[in-house]
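**Q** Here are the chains, one letter per residue:
2 protein chains.
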Amino acid sequence: MTFGSNDGSLKIEDESTTLPRNEIKTNGVLKSPNKNTSILHPDLVIRSKEEIPEPEALGLKEELPGWHGYVEWEQYPERKKKVQAFMKKFDFPGNYQVLNLNCLLMTRYQPPEFQLVPLPKTNPILEGVRWKQYHYALGKATKDMPAESWLFVEKEKSPDMIHVLQFPYNGEPPRGRLVETAITRNEDHFVRNHGGIPEIDEDAYFFDVAGLVNTPKRITMNELKNESLFPRQSTTVTIQCSGTRRIEQIREYPGDGDELINAPWAEGAIGTAKWTGVSLKKVIKYCGGLKDPSAAPHLEFLGADTYFKKGEVYNYAVSVPWRKVKINEVLLAWEMNGEPLPKIHGFPLRAVVFGYIGARSCKWLTRINVISGPSMGPVQQKEYLYYNSQVGKHNATYSSGFSIQDMPVSSAIMSPLDMDQIIHEGTIKLRGWAYSGGGHWPVRVEVSGDGGSIWYEVPYQKLTEKYYHAWRLWEIDLPVDAEGWLELVVRCWDNSLNTQPTFVRSTWNWDLHVTSSCHRIKVFSINKSRPNTAARLKKFEDLGIPFLPITHPGEDDLEDEEKYLSEMENRGGRDPLE
Amino acid sequence: MTFGSNDGSLKIEDESTTLPRNEIKTNGVLKSPNKNTSILHPDLVIRSKEEIPEPEALGLKEELPGWHGYVEWEQYPERKKKVQAFMKKFDFPGNYQVLNLNCLLMTRYQPPEFQLVPLPKTNPILEGVRWKQYHYALGKATKDMPAESWLFVEKEKSPDMIHVLQFPYNGEPPRGRLVETAITRNEDHFVRNHGGIPEIDEDAYFFDVAGLVNTPKRITMNELKNESLFPRQSTTVTIQCSGTRRIEQIREYPGDGDELINAPWAEGAIGTAKWTGVSLKKVIKYCGGLKDPSAAPHLEFLGADTYFKKGEVYNYAVSVPWRKVKINEVLLAWEMNGEPLPKIHGFPLRAVVFGYIGARSCKWLTRINVISGPSMGPVQQKEYLYYNSQVGKHNATYSSGFSIQDMPVSSAIMSPLDMDQIIHEGTIKLRGWAYSGGGHWPVRVEVSGDGGSIWYEVPYQKLTEKYYHAWRLWEIDLPVDAEGWLELVVRCWDNSLNTQPTFVRSTWNWDLHVTSSCHRIKVFSINKSRPNTAARLKKFEDLGIPFLPITHPGEDDLEDEEKYLSEMENRGGRDPLE
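Line by line, the protein sequences give chains W and X. Here the first sequence stands for residues 1 to 578, where the numbers follow my numbering. Here the second sequence stands for residues 1 to 578, where the numbers follow my numbering.
Just to be clear, a hint being listed does not mean it is correct.
Which copy? The list can't say, so a pair holds if one copy fits it or any two copies do.
Stated by the list, open to error - Here are the simulated DSBU-like pairs of lysine-lysine, each with C-alpha atoms no more than 30 Å apart in a straight line: (1) K528 x K310; (2) K121 x K522; (3) K274 x K89; (4) K140 x K282; (5) K429 x K88; (6) K274 x K326; (7) K81 x K538; (8) K155 x K291; (9) K291 x K563; (10) K528 x K81; (11) K528 x K309; (12) K563 x K88; (13) K89 x K538; (14) K429 x K80; (15) K282 x K80; (16) K61 x K217.
Hints were generated in silico from the structure; no laboratory data involved.
Input sequences plus hints: build the corresponding full structure.
**A** So this is what it looks like as structure tokens:
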């Protein structure tokens with residue numbers, strides 16, 4: 001029985017007990033995939049022997065000419081229902097599998113995103129097999145999205161990005177480079193996508209303004225860029241994913257491996273750009289203003305990308321309150337650092353919401369709905385919720401998590417790296433970022449070389465300029481006398497005197513969001529201003545053997561017998577006198 | 001060029017860039033190895049193109065008939081020197097490799113014991129490739145020891161032992177079973193060997209008493225078992241490796257991966273047996289007593305096993321002070337729980353030193369030397385040292401570590417296991433062990449369900465009997481209301497009011513010894529006495545989907561739209577009133 005395409009194969013569960021996969025990883029370096037094969041994961045498993053209709057019967061197609069990769073869902077409730085029923089026929093990896101014999105088995109191939117196991121050392125770290133299969137299952141309108149989206153990663157992002165999730169694409173730059181410039185280079189800016197990357201012709205592009213506005217309108221890029229209609233705004237804004245530093249929570253306690261694949265972000269899911277476009281407030285004004293501004297409405301953004309949640313299909317949808325728009329803190333942007341938006345960042349037009357979680361800065365904008373409360377789309381209602389530490393799979397509800405909008409004060413040490421072994425002469429240089437959302441800014445950055453007992457303040461000369469909505473980079477030469485494993489820590493104080501929780505444990509939450517606790521790294525200190533250390537290093541040098549890594553055997557003896565015996569005599573031997 | 005045996009192959013480094021290995025692991029289950037091939041790791045690498053003499057030229061042979069696997073080193077200094085020079089010709093795995101082009105490369109095959117990487121999930125966890133090659137390199141007198149020793153593991157130990165190091169063999173039993181009986185079954189007792197296992201006929205066996213005694217003697221088993229010469233002693237004694245719980249130190253900060261392979265012990269490197277034999281004090285008396293007891297001499301034990309350190313070769317040698325012997329706390333034992341000593345535990349005769357680190361309880365005893373100070377053998381002088389946390393590869397000396405003899409107060413939770421997800425109704429049953437060395441005994445055991453803030457005392461009815469030299473097992477039903485990830489902790493107080501350091505960090509040391517900090521495990525608590533939790537569990541049951549593991553996707557929605565909206569109304573919505 002074949003399905004979807006000639007190269008795909010569909011297995012009936014009781015005919016096969018293993019689920020072959022196409023291998024796409026090659027020792028940390030990902031080869032450019034053949035878009036029809038390796039990246040697709042076509043090995044779908046169906047639940048029973050019932051007949052599956054060909055996906056073409058769903059009648060899915062691209063919505064508009066010039067909008068490749070855009071399937072409209074929200075306007076077609078019947079289409080969504082049909083797809084929901086269709087999706088139920090498959091067992092996607094990570095599901096439990098219900099056999100027709102009423103016997104329960106876990107699916108046979110478990111991708112690492114759903115297991116209580118250490119993250120793989122590959123790049124991409126996770127593949128997103130489940131989401132690739134969602135797209136594959138629905139046939140030609142969506143099945144090539146994983147492969148096509150990957151081509152934009154290769155074209156638009158730095159070749160050494162850390163791919164935390166291959167599809168939907170999530171990636172961050174290497175740590176050290178991110179803090180070299182206060183404005184992040186576009187190719188190094190982190191990407192957190194929730195689906196495939198649509199390819200939209202600017203000439204064919206428009207977005208709709210609808211709902212509780214006095215004059216609903218369809219607006220083209222030509223109109224939006226017309227400065228006689230809309231004044232332009234350029235603002236330096238840091239965007240941060242609420243998953244930044246999630247890896248610290250994952251390492252301590254596994255959390256939600258539920259429907260949404262939570263990318264294992266490190267400290268690089270944050271970036272700063274000068275965004276240029278039009279304040280959303282001006283666009284609402286152009287549409288005759290709100291019907292009832294006093295009702296505190298919300299503005300819902302819809303994207304052209306396809307989003308899956310609990311077996312249902314959606315367009316990406318999020319919202320922000322009018323109050324945020326009114327103070328010109330929501331921009332509709334087409335330029336990033338003076339260049340057209342890269343496709344992967346939302347070309348031709350995206351929202352940029354200052355000081356909020358990055359998820360609200362909707363890409364590939366198709367529609368702005370003015371609505372009476374927060375969006376009921378799953379990204380707004382069911383995701384990016386911040387739970388009490390006792391909430392988990394056993395009791396989580398959507399209403400009991402609070403919705404992450406403004407981001408809290410946070411910071412990270414980007415150099416040195418965790419587990420570095422550092423030979424120094426009494427000081428270690430630390431570099432990193434500090435940020436606070438919601439219009440707050442970092443006032444003070446402090447570092448500790450002893451796990452958080454004694455704190456050193458970063459001199460103001462070593463902090464980059466202040467912005468209302470951007471990070472500050474910092475560096476400091478930390479006095480370090482001690483040797484061995486040390487815990488280096490950073491914390492930031494913002495202008496509202498907020499600072500960071502002490503430990504990862506203090507803020508652990510089921511969905512693994514907002515790791516804003518003091519950032520801690522372990523480094524091994526080798527202080528060569530100490531004579532014994534200098535002498536030992538010299539000995540390795542003389543032997544022509546590298547000293548690092550510290551876990552490698554040295555071949556020489558640590559102390560000769562004569563020296564040992566004289567030292568032991570000085571110490572009064574091993575035993576007491578009497 | 002072949003070397004040693006027909007199936008071994010020796011590679012010249014510039015002819016080959018990869019180092020093939022024989023695969024011995026099969027998905028966590030170890031097949032009985034063919035003793036001539038798979039377990040041996042014969043792929044030696046030599047340093048240069050110089051001619052290597054056949055190992056037979058070393059003239060190594062077994063010392064005595066009936067003593068298979070025993071090569072005497074300490075009586076033949078010239079033999080030791082010759083072997084030391086011979087060993088220098090090889091690059092053993094883990095070494096840096098010095099090419100004849102004066103260019104430095106790390107060896108091409110790096111076993112995991114020398115890398116800053118997570119431990120493998122295999123069983124054996126580590127293979128001990130380097131030590132296998134030491135034995136292989138020396139030719140027929142030692143080359144089969146890894147394979148032969150493994151046969152004793154298979155014969156004498158439980159099939160489900162955790163093999164922390166295959167050779168020299170180090171193994172511990174599964175956690176839960178270890179605390180089922182106050183006396184450990186022989187097949188479950190942990191094993192920490194430092195070399196191969198000699199096979200000695202009891203009829204051919206004797207040991208020598210030499211050095212600063214008035215009448216040096218050679219004593220056979222027949223004499224020792226003669227109750228008219230020596231009164232018998234039976235004592236219940238816990239033996240503990242100073243590496244117990246080392247895995248906690250490894251996980252937090254890597255330490256010495258130096259010449260000695262440090263086995264990644266968990267909480268099972270401890271066991272209790274009733275040992276029967278003769279007090280060493282009686283044997284010394286039989287030899288006419290000490291020449292000068294007031295000089296506080298030490299008693300050195302030599303074993304038949306071969307030990308390697310920094311490219312030199314030894315017989316295993318350790319020592320204890322006379323003071324310890326004088327109070328009848330050193331037993332020469334031939335029975336373990338009423339049975340003859342298993343080969344792997346030292347048959348026919350071993351020392352059992354009460355309350356000390358297990359390393360002093362020398363197996364396969366060949367000689368007892370009365371000497372004026374602690375043994376200068378490498379195990380006593382250069383190993384089992386406890387360093388300040390700032391000491392490491394950069395500055396460690398043997399004299400600056402203190403020599404571990406008496407063991408401190410310690411404890412462990414053996415059930416549940418770390419990362420368990422527990423469905424309960426308000427209490428969780430905890431079981432474990434508590435021990436204190438040096439003649440101290442556990443008086444109180446306390447557990448915490450909140451990381452160490454509130455402590456519950458184990459009721460005395462739930463502690464096993466007190467011994468001067470053995471552990472106590474304990475269990476408690478810990479009240480647990482909270483849900484989510486909790487940190488369960490245990491600590492013990494001994495009769496001297498000593499208790500345990502708080503964190504692993506508090507006691508981390510370069511050689512990763514004596515992990516005596518409060519033992520902490522993470523468990524995920526699911527309290528079904530809470531109505532919301534009970535309802536969610538019921539929902540999974542109704543759907544016929546297992547609830548555990550918690551990281552597996554549930555397919556159902558967490559809250560329906562109606563409930564969500566009414567809950568949000570109760571909460572006053574997401575935004576403030578004004």
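**Q** Which of the listed hints are broken here?
**A** Violated hints: 3, 4, 5, 8, 10, 14, 15; rest satisfied.
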